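*Asks:* Got chain R sorted already, so can you dock chain L onto it with the hints?
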Amino acid sequence: MGKRSVVPFGPQHPVLPEPIHLDLVIEDEKIIEAIPSIGFVHRGLESLVDKKNYKEMMYIVERTCGICSFMHGMAYCEAVEDVMDVEVPDRGKYLRTIWSELSRMHSHLLWLGLLADGFGFESLFYQCWRLRESVLDVLELTTGGRCIFSVNKIGGVLKDLDDDMIKAILEAVSKVEVELEAIKKTFLFDYSVESRLKGVGVLTKQQAHDLGCAGPFARGSGLKLDMRLRGYDAYKDLDFEPIVSEDGDGYARCYVRTMEIFQSIDLIRQAISKLPKGDIAVDVKGNPNGEAFVRVEQPRGEAVYYVKGNGTLFLDRMRVRTPTFANLPGLVETLKGAQFADVPLLILAIDPCISCTER
Amino acid sequence: MAKVKRSPWLLHYDGSSCNGCDIEVLACLTPVYDAERFGIQNTGDPMQADILLITGGINAQNQAVVKQLYDQMPRPKVVVAVGVCACTGGVFKDTYNILGGADTTVPVDIYVPGCAARPQAIIDGIVKAVDLFQQHMDNHEEFLKNPDEYMKKNHPEVDFKKGE
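Chains R and L, in that order, give the protein sequences.
Under my numbering, the first residue of the first sequence carries the number -2, and numbering increases by one thereafter.
Under my numbering, the first residue of the second sequence carries the number 2, and numbering increases by one thereafter.
One thing to keep in mind: the hints can contain errors.
[Claimed, not checked] In silico DSS-like cross-links for lysine-lysine, where the CA-CA straight-line distance does not exceed 27 Å: (1) R:150 / R:49; (2) R:282 / R:49; (3) L:154 / L:4; (4) R:150 / R:333; (5) R:49 / L:94; (6) L:94 / R:48; (7) R:52 / L:94; (8) R:150 / R:274; (9) R:150 / L:94; (10) L:94 / R:305; (11) R:195 / R:221; (12) R:172 / R:48; (13) L:94 / L:68; (14) R:195 / R:333; (15) R:233 / R:195.
Everything labelled a hint here was simulated from the structure, so no lab data went into it.
Remember, it's a predicted structure, so these values are computed and weren't measured experimentally.
Isolated chain L (complex conformation):
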């Protein structure tokens, strides 16, 4: 947490959760658990969000919504799957309508287990997401300083000059 220089904004979307994780996410943002002390802020606008927090599994109808929310967020972005349904599909993974966890649709960085996930676990996930977001930002700054050197060092397989 020491290196964190920015305040990422957080977007919460309820996939097909039973509400248990949703209300725990909301409880995290209220003063008792107060996740906002880590510099994050809850927002309703995907275009201003840096961290996407998904609760619940993915079904046929909300898949497009989750995909669209993810695409609308500016880079770099971090995705946190909260609760066992968002991680794997949970108890509902055998039903006809659930495709699986959030990683069936968007790349997930951090998995928070639990049914329902406890506020302490959610805060842990959020802190990890804030750290990861800062890492992405550091990499981006390093890239901007000297693109050639950065790509040679971190992604030698990509021929940067060809614009790949």
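In isolation and in its complexed conformation, chain R is listed as follows:
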């Protein structure tokens, strides 16, 4: 048995795009315990409800996270709409679904790239990010923004899709589908990639359930958890089945996210084929009075929004529970007993979004 020592990891680290600090207790090369400490990105976003009214908060909420910005805005809108009893027109709901799935595609492609960088496969990283740009191009065409595109509003969406835009979306997703088939072969069947991912950081189904994991991290451990099954927006009319893998290792998480990109492509095609005609938004009058919980499925898992209004322009309270916050206990569990060299890979495997978590 070797001597125990503590190695600090982060907040600034080459593989981490965002600051998180871990104290790793190691014995030789084996990790005995990992103690996370966060707070480097804490902004105090929820406290702004005192200073910004409930419509201005839209702008703030979209800046909780730059990757799943659209879904944060959408969840907030749905919570306020729930309080105010506003029914969004069907076309607005379908447009929200299309943009959600495009966001999921770009987020998962981003993650696949970072994972490839994490195990030292730089050309694969570049391929994923090159492919991601075609999704961003179509987002820019339809909304005007690349990563933060404010198209949500309370009562619907701000922009409509015309025929040219729909054609561009379909072309872009077809291009991604073809090129991702080639990248998928490397991620899922390449010998060297498999040797880095298979059997690394195993989290069993029971552990994932007990620790309250969410999203692709939980689905990689065999839990069929997907908030889209709740049937919000257009998901009730679309046909899909959550992608689940039983192994619970790094390979399973990679598999789930890769296949979810194909699933998103399928959902976008379904939503476009069923896209109803009509208004995209309704006028909203008055102020929110009451409280509501909303759960949506973000690229990283389930996000919970709580909103409490008191009949004035300013909300009493807004609370966000983000998927990475739910996944941190699972991360600490997978780190126990892992090799020191696998730490960056294991941290990336939960797709951490620290700025969401700390708000």
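*Replies:* Relative to chain R, chain L alone:
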């Protein structure tokens, strides 16, 4: 850009950004925008970095980290603040935890606006930083050739002989 003779290395640190600027900085370094064609290279080691690129505002906990990263970099160094949060604190400047932009902690040379900053703007900032870095290096060479004359010409107020 014509006078640039060196390849500065770039260090990126996420202050308290929302990720929007971070992923745009990373997108700049990938082949579509390819900021590496200007001779820069992304590094994770502050001791080998010449340009510090900060995204997001400064809060109480990351202030010490940013300060330490800046101090660990060898001179001359250039600091680029990317995004409106790093420039002024942005929409979060009214919150209890944000002290302000990156210039509350380290001297910032170049400000890149935008929320999130677009890749084109970030590349513009990086090109300016590379130019500025080269200027610092030229000044340093001139200084080494003839310290007395250089100080008399550029900083007449400093008495160089006294070692100030």
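*Asks:* For every hint, state whether the structure bears it out.
*Replies:* Here is what the structure says about each hint:
1. R:150 / R:49: The given pair, whose Cα atoms are some 15 Å apart, holds under the 27 Å limit.
2. R:282 / R:49: 18 Å, holds
3. L:154 / L:4: At roughly 22 Å apart (the allowed maximum being 27 Å), residue 4 (chain L) and residue 154 (chain L) satisfy the hint.
4. R:150 / R:333: 44 Å, violated
5. R:49 / L:94: 13 Å, holds
6. L:94 / R:48: Holds: residue 94 (chain L) and residue 48 (chain R) sit about 12 Å apart, inside 27 Å.
7. R:52 / L:94: 19 Å, holds
8. R:150 / R:274: 19 Å, holds
9. R:150 / L:94: 24 Å, holds
10. L:94 / R:305: Holds, because 24 Å separates the two Cα atoms, which is no more than 27 Å.
11. R:195 / R:221: 21 Å, holds
12. R:172 / R:48: Outside the cut-off at roughly 45 Å; violated.
13. L:94 / L:68: This hinted pair holds, its Cα atoms lying about 20 Å apart.
14. R:195 / R:333: Holds. Residue 195 (chain R) to residue 333 (chain R) sits at ~17 Å (cutoff 27 Å).
15. R:233 / R:195: 35 Å, violated
Checked against the numbered hints above, the structure violates hints 4, 12, 15; every other hint is satisfied.
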